[in-house]
Structure formats: C-alpha cells, structure tokens
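J.: Chains as they are written, first to last, in the numbering used here: chain A, 31 to 260; chain B, 9 to 585.
Treat each hint with caution, since some may be false.
[To be verified] Derived, one-sided and incomplete: chain A residues facing chain B with beta-carbon distance under 8 Å: (1) Y43; (2) L80; (3) G84; (4) I86; (5) E99; (6) K103; (7) N105; (8) L114; (9) N125; (10) W133; (11) K225.
[Stated by the list, open to error] DSSO-like, lysine-lysine: derived pairs with alpha carbons at most 27 Å apart: (12) A/K116 <-> B/K24; (13) B/K488 <-> A/K148; (14) A/K171 <-> A/K47; (15) A/K171 <-> A/K37; (16) B/K24 <-> A/K107; (17) A/K171 <-> B/K397; (18) A/K144 <-> B/K488; (19) B/K24 <-> A/K171; (20) B/K488 <-> A/K194; (21) A/K149 <-> A/K171.
These aren't lab readings, by the way, just hints derived from the structure by calculation.
Just so it is clear, CB atoms sit at the ideal spot from N, CA and C, and this is done for glycine as well.
Now for the letters of each chain:
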Amino acid sequence: MSVISVKRVERDYPLGKTTVHALRGVDLEIPEGSFFSIIGPSGSGKTTLLNIIGCIDNPTAGTVSIDGEETTKLNDKQITDLRLHKLGFIFQNFNLIPVLNVWENVEFPLLLMKTHRKKEIKARVEKLIAAVGLEQHAHHKPAELSGGQRQRVAIARALVTNPKIILADEPTANLDSETSHSILKLMRDLNETEKTTFVFSTHDPDVLKYAKSIVQIKDGKLVHAEEEVI
Amino acid sequence: MGLILRLSIRNLLRQKKRNMFLGIGIAFGMMILVIANSFSTGMVDVLIQDVVSNAFGHLVVSGTPGNSFYAVIRDKERIEGVIREVIPPEDIVLITENLGVMGTAIGNGESDNVFVVGVTTDTEEEKEAFFTDFFTLVEGDFADFTSYDYEYPVIISQEMGRSLNVGLHDVIRLRVPMVTGQIQAVRLTVIAIANANNSFMNIVLFLDGGRVKELLGYRPWESAALQVTLRDPKRTAAHYADLIHQQLHPELLYVAGEIGGQTAQILAFQNNLEAKETVQDTIVITTGDLETALASNGVMMSENLAQRLKLQPGDQFTFTYETKFREMYSEQFTINAIFQSDSHLGDEVVFVNEERIHTVYNRYLPLDTKSASITADSVLYSILATEWKLLERNANAQEMMKQMRDERRIRTTQTKFQVMTMYEGASQILQLEEALNLITILAVLVLFFIILIGVMNTLRMTVRERTREIGTVRAIGMQKRDVRRMFMYETLVLTTLSCMAGVLIGIIVMRVLGTIEFDTNSVLSIILKNKRLFFKLNPAAMLSNFILIMCMAGVTAYFPARRAARLSAVEALRHYE
Ligand SMILES: Nc1ncnc2c1ncn2[C@@H]1O[C@H](COP(=O)(O)OP(=O)(O)OP(=O)(O)O)[C@@H](O)[C@H]1O
Ligand SMILES: [Mg+2]
Chain A
31 MSVISVKRVE RDYPLGKTTV HALRGVDLEI PEGSFFSIIG PSGSGKTTLL
81 NIIGCIDNPT AGTVSIDGEE TTKLNDKQIT DLRLHKLGFI FQNFNLIPVL
131 NVWENVEFPL LLMKTHRKKE IKARVEKLIA AVGLEQHAHH KPAELSGGQR
181 QRVAIARALV TNPKIILADE PTANLDSETS HSILKLMRDL NETEKTTFVF
231 STHDPDVLKY AKSIVQIKDG KLVHAEEEVI
Chain B
9 MGLILRLSIR NLLRQKKRNM FLGIGIAFGM MILVIANSFS TGMVDVLIQD
59 VVSNAFGHLV VSGTPGNSFY AVIRDKERIE GVIREVIPPE DIVLITENLG
109 VMGTAIGNGE SDNVFVVGVT TDTEEEKEAF FTDFFTLVEG DFADFTSYDY
159 EYPVIISQEM GRSLNVGLHD VIRLRVPMVT GQIQAVRLTV IAIANANNSF
209 MNIVLFLDGG RVKELLGYRP WESAALQVTL RDPKRTAAHY ADLIHQQLHP
259 ELLYVAGEIG GQTAQILAFQ NNLEAKETVQ DTIVITTGDL ETALASNGVM
309 MSENLAQRLK LQPGDQFTFT YETKFREMYS EQFTINAIFQ SDSHLGDEVV
359 FVNEERIHTV YNRYLPLDTK SASITADSVL YSILATEWKL LERNANAQEM
409 MKQMRDERRI RTTQTKFQVM TMYEGASQIL QLEEALNLIT ILAVLVLFFI
459 ILIGVMNTLR MTVRERTREI GTVRAIGMQK RDVRRMFMYE TLVLTTLSCM
509 AGVLIGIIVM RVLGTIEFDT NSVLSIILKN KRLFFKLNPA AMLSNFILIM
559 CMAGVTAYFP ARRAARLSAV EALRHYE
C-alpha cells in the first residue's frame, strides 16, 4: 500500500488575467520506505507538487492521501497536526530558527507535540544529533554553522518526530557537490535505518544515483512512470 | 519555560535596538504616569492630611451664635456625646476643638497678622506624636509648651520670628477677638522656634489649647467647633456626618423656672412673618399691645399667671431658673401684653419672641429642657422657636458658600449648627486633584498614542522580516494560535519589562526631585512638604496604569499577530526579501 497517493491533482495559479497551470493532472503512488526522487527542469512544478503532498498547499482539483487519510478534507488545525506528526520537511534554504541553537532546533517539533517526557526528548534529540554528526555543535546557533551543517540540523529536525514521510525540496541546491553527496548519503542511510519514506526533488542529475525511484516532471505533468533504479 | 515564551524572549533579544527604542518609549510613559500619580497622591495627602484636616478635621460640628463669625458649642458634653454615639470608637482617631483665630501680633518693633491655633493633646503620646510629626525644631524646647513658668508659651516658625523680629524667649504681644466680642490682649513668650512640615503653617502661632480657650473666653463646658479625625475618612466621613446631622435635630426652646414663687415656663415664637400671623390668629390678647408683643423683644404672659402675680402690661418681672451647670440665673422681662389662657399654651407660660431669649438661653443653658407640655398637634407648635437652627448639609464648597451668604442675610441671635466634612469644605482642593488627574490622563493619552504606533509598527516590521520563519514553523506543525501567541508574548513581555523599568526610573527621579528645596512663600508652597515636592507612591494607581498599558499594548499587538498567524505557510515560505 502506498503511503502517499496523489490522484489527478491539478494546481492553477491565477496570474493577472491568465492562469498558470503548475500541475495538470498528476497521478502518483509512493510506497512506504521509498527513497523517491522527483526530477524536472526549473518551473516544471516540483515545488508545487511537494507542497501539495506536504499539505501546506491545496490542489485546485484532485485528491491527496497521506497514510490512507485524505488530506484535502481536513481543516487547518487537523492538517497542522498531521504535518507535525506524520511529515518532516527539509528545505532548500535550511530554514532553521535563528534564535535557537542546534539542540533547540532539533527539539522544536517534539516540544510542539507536547506528548513526550523530558527524558524521551533528550534521548531522541541526542540520538539524532549524533546521527547527523553534530555532537560537537549542539550548542551553536545556525549562524555559526556551515551550509552542510545547517542542512544536517534540518534533517535531524525533520526526523526527530519519527515521521512517516520526509519531504525535501532541492535539499542540496545550496550546497557544493561534496557536501551534497554527504547529505544525500546521510538521507539514504537514515532511509534505510529508520525506514522513513523520503521524497525529494532535484534538477541535478548527479543526485539521482542515490534515488531508489525516480519520476520526471515536465510542465506540470509526469512524463514517464517511476522506474526502479536500484 | 514554555516553548512559545522562550521563542518570544529570544526574538525580543534578537532585535535589541528596535525593541529597546520601543521599550524606552513605554518605560518613559510609565515613568510619567507613576510620577504624575505619585505627585497628585502626595499633593492631596499634603493638602488633605496636613492642611485641610489639621485646620478643619475630617468632620466638623460647629455652632455659630447668630450672625457672628466664631463657633461656640455651649454644651460640649452633649454634642460630643452625639458624635461618640454615632461613630464607633474604632473609627475615631481624635476629637479636638478647632481653636483657631486671626489676630495681630507685635514683636520687637514689627507687627504682623497671625493665625493663632490652640493645640489640644490629651496624652503624652499624642503630644509627642504631634511635635515630632509636625515640626522640625530649630531652637528651644517643646517641653515648655505646657509649662506654667510662662503665662502663654508659644511656638513660632523661623519665618515668623524674622517677620516679628523676635527670638527665643522674647515676648510677643497678641491681640485677638474673644467669643464675647471684646478684644483680648496678652503677652506670649516664645519657647520654641520650629518649622512646621508645611510652609502653609508658617503664619501660625501655636499655643496650648486650654490656654487659648481661656484666652478667647470659652467657659469650661463650652467648646469651639468640634473636629473629628477619622480612621478612614474617605469612606466614612460623609456617612457619619449625615447620621450626626440627624441626631442634632433641635428641641423646642423651653425654659422652666419661677416668677415670684409661681412656677412658670418660657416658650418662644419664631421671629418671622408667618409665625407672627399664626400667633395673631390663635391667641386672644386681653390687655396690652399685640404689635409690641410681637416685636423682636416682645413678651406676653398668660392671663392666669399674670393674675396670680398681679402683673399688668408695662410691669417688670424676674424669671429665675436653674442652669444645666447648677447655677441659678435670673432674667428681667417687661410685659407687653397679656393673653387669654387657653389650651394652646397652658396657664403658666411666658410667651416671647425668640430674639428676646436666644442669647440668654445659650449663655445660661437651662437644666430642664424636656418637660414642655405643648404637643405637636397644637396649632402653635410649628411656629415655636427651637434651641438652634440646624443648617442643611451641603454637597460642595459652592453650596456651602451660598448657604453661608443666605444665612448672613437673616439677622438673628439663634445659634446655627452645621455638620460638614472636609470633602465638602475642601471640595475645591479635591477638584484641583481631579484637574491634575485629568491633565495626567491627557498627557498619558498622547503618550499611549505614541506607544500604540510604536508597538504597531515594530510588530509589523517584525512580522514582515520573519515571514519565512513563520512559514517554517507553520510547515513543521505549529498551530495558528501559537504563532499569534508568540507575537503577543513578545509585545507583552517587552511591555511588562518596560513598565517595571519605568516604575523604577520614576522612583529614582522622584527621589532626586524630592531632594530639591524650593524656597518659596507663594501659594505654591502649600503643595510642598518641608519645602520639598512630596511624592507618594500609589500602588493601586500604578497597578491600574500597568493594566491599562498592558491592555492597550495587547490590543494593538493582537492585529499584527493575528495577521502573522493567518499567513499561508506556502506563501510565507516563498516570501523573499
Ligand atoms: N504562487 C505562485 N503564483 C503564481 N505562479 C506560481 C506560484 N508558484 C509557482 N508558480 C508557477 O508554477 C510553475 C511551477 O512552479 P514550481 O515552483 O513548482 O517549479 P519548480 O519545478 O519547483 O521550479 P524550480 O526548479 O525553479 O524550483 C511555475 O511556472 C511557476 O511560475
Ligand atoms: Mg522549486
């Protein structure tokens, strides 16, 4: 069974008197535990698609189900809760909270959940900071970190709640190629150890060798069905 | 600490400069408020406590004979009894006599108008408290104040000493009007030179209360206006004044005595047209002239009594009665008319115009005032004179002035009783406080306006700058409500800290201002205490100001905060600056 199910999703943006059709009927099933890549040129609709899967944007038409639940029917509070519990985000610009240090940034989603005890939180945060190799930097502010380190923090933050799915929109676009490789390797490793589903977009063919499944998007449409790379 | 609050505080610290500016603005506003409030509280304190209540008491009961200017309560025990009956002892701090009179003082070649005040202290503690609270001793010894080594020991201010050119142990000659209308001249000896804590008091000569009473011609059982210092005047003064007013309802003017061995009573009719007409319509004159009998010194006698005494109109007789203070007193009257004895007044009555008897009555209060046989259903009852006239209570100083003017127009010898509180008497001063508060409020409104714009702008800027962060936390899973709360907390924490800083700075500023000495004798000096501005912190006002500022900051912050919370996560994440 797919953990993500996208059915005939369309997304139009009104732009002055015309309409931009960013997605024109996308059908996509992503099975649990995938390491799934969406590739496409700039403006093809990758971000739009990921935002809709990530429940921070709504499709103009079609439905999206996450873990069997149709998200397009939920209200803002429910959808926010769903994001908190089932989804993790990694952004191209890292988007850490600048006033919080590494530890606090990672801890942040757990505190929002309000369901964990202090000890649990500590153990979980410690484990993830170790997993992304930032033990030495736990008390540094984002501004004191390199781009690669920041993205590691973002990965730890995305994983800390033990989400079903992690969505990453061009996670390596702002990193040099060496760092990109280590980040993708880290994601791939975590995909294997934690069994978390990763969906990430890229327009860099170099990145693709890490993907287990790839789908290509062009002008708002998937051009050929996913294929198993490995 | 909660996550949201922690974020708010961190974010506050992030924009140090901007928030500092806003904080200083709010702190400044709060400071002004605290100072203004403390000043008006202090001023009212000085005026009410030190000037008004010392000069007039919280509640005053006074009796003024006719059109005179001085107060004489002829029966201190009775009136004080009424006061003590109405006010429970735990609410009374002190009952004193208002012994104050204007006079002329002559020192060494210099003279000045002065205000003589008699200080009555019943216990050593009261005396001690009075001297230490009220004065700063420059020279001399307060212990001499009640000493009999000097005929009239007096405390004067340094300023008074200068203006009269007298020093310690010098003699001041004083001329004051007595209650009897004569002028009294005495020699005072300066036993202490001391400055009262309010320069308003610098024109006062302080003398021992007992000796002032003597000096002014009060007899031992008489008293000047009685002033009551209350525990909680704001709450109780008006209420107790009303109750005392009810209790002071005057009795019929009535004297029981004898004429040539025959028991007789004096009743009086009111000296006004209506009363006289009623008398004319009710009473049948057998001999004599009604016209003269109704005049202001008119005397009528019941036919029955006149026959027994063999008296005719034009004859004189002596009425003798026992006074309340166990003396016998005799007064001579001349009969103007004789009236037919009937059921209205009885057989033994001397019926006089009230103006013929008030002075005598008050000076020699009769022992028996209660056994008049005339009853309320008598036609004459309503026009009979009463022992005194009880003036209506007034709501404010204007009403009081008007009442005084109206009363002055009617020439009479009847004593007028009045019950007032400082809130009516000092209503002008209290209005000054209100005016001051109003000015404060206006200043504050302007300040608030500035603060409002500050909060609004700062928050708008902050929200715009942090749009992408808002998008991030929303995407991660922070609820709208918490985003709104985060921005609200930021403003409220800043406001709280700023208000606290404002209070602190205000206290420091007041301390500094309070050390400056103002050497002025102008009207302004009455708001000074020991020549300094006097501030008194008003925690309740401070708290309400704080709440007010918090509410305003909260309301202003709410809208930008809500806007931030309502941002769409995608849009916020796309935000580019
Ligand atoms: N908020 C918006 N308003 C109007 N048009 C939009 C908006 N967001 C996206 N679009 C348009 O939708 C199309 C898809 O955009 P999208 O950002 O999904 O592309 P992308 O594949 O992520 O590109 P890139 O690789 O440059 O990030 C583009 O033509 C873009 O201009
Ligand atoms: Mg994109």
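J.: Does each hint fit the structure? Answer for all of them.
T.: Structure-based check of each hint:
1. At a threshold of 8 Å, the smallest CB-CB gap from A/Y43 to chain B is about 11 Å, leaving the interface hint violated.
2. With a cut of 8 Å, the hint placing A/L80 at the interface with chain B is violated, because the nearest CB-to-CB distance is about 10 Å.
3. Because the smallest distance between the Cβ of A/G84 and any Cβ of chain B comes to about 7 Å, under 8 Å, the interface hint for this residue holds.
4. Look at A/I86: its Cβ gets to within about 4 Å of chain B, closer than 8 Å, so that hint holds up.
5. Contact between A/E99 and chain B, as hinted, is not supported at the beta carbon level, the nearest pair being about 15 Å apart and thus beyond 8 Å.
6. A distance limit of 8 Å between C-beta atoms decides the matter here; for A/K103 the minimum to chain B is near 18 Å, and the interface restraint is violated.
7. The restraint placing A/N105 at the interface with chain B is violated, with a minimum CB-CB distance near 11 Å, outside the 8 Å limit.
8. Nearest Cβ of chain B to the Cβ of A/L114: about 3 Å, under the 8 Å cut. The hint holds.
9. Nearest Cβ of chain B to the Cβ of A/N125: about 4 Å, under the 8 Å cut. The hint holds.
10. Below 8 Å, beta-carbon pairs count as interface contacts, and A/W133 has none with chain B, the closest being about 13 Å; its hint is therefore violated.
11. Evaluation of the A/K225 hint against chain B yields a violated restraint, the C-beta minimum of about 21 Å exceeding 8 Å.
12. The suggested pairing of A/K116 with B/K24 is violated, with an alpha-carbon distance near 37 Å, which exceeds 27 Å.
13. Pair hint B/K488 plus A/K148 holds up; C-alpha atoms about 25 Å apart against a cutoff of 27 Å.
14. Restraint check for A/K171 and A/K47: not satisfied, since their Cα atoms lie roughly 45 Å apart, outside the 27 Å limit.
15. For the hint pairing A/K171 with A/K37, the CA-to-CA distance comes to about 41 Å; that exceeds 27 Å, so the pair is violated.
16. For the hint pairing B/K24 with A/K107, the CA-to-CA distance comes to about 33 Å; that exceeds 27 Å, so the pair is violated.
17. For the hint linking A/K171 to B/K397, the alpha-carbon distance of about 86 Å lies beyond 27 Å, and the restraint is violated.
18. Of the pairs offered as hints, the one joining A/K144 and B/K488 holds, with about 16 Å between alpha carbons and a cut-off of 27 Å not exceeded.
19. The hinted pair formed by B/K24 and A/K171 meets the criterion: a straight-line CA distance of about 17 Å does not exceed 27 Å.
20. Using a Cα cut-off of 27 Å, the hinted pair B/K488 and A/K194 holds, with the two alpha carbons roughly 23 Å apart.
21. As the CA atoms of A/K149 and A/K171 are separated by approximately 23 Å, the hinted pair is consistent with the 27 Å bound.
Checked against the numbered hints above, the structure violates hints 1, 2, 5, 6, 7, 10, 11, 12, 14, 15, 16, 17; every other hint is satisfied.
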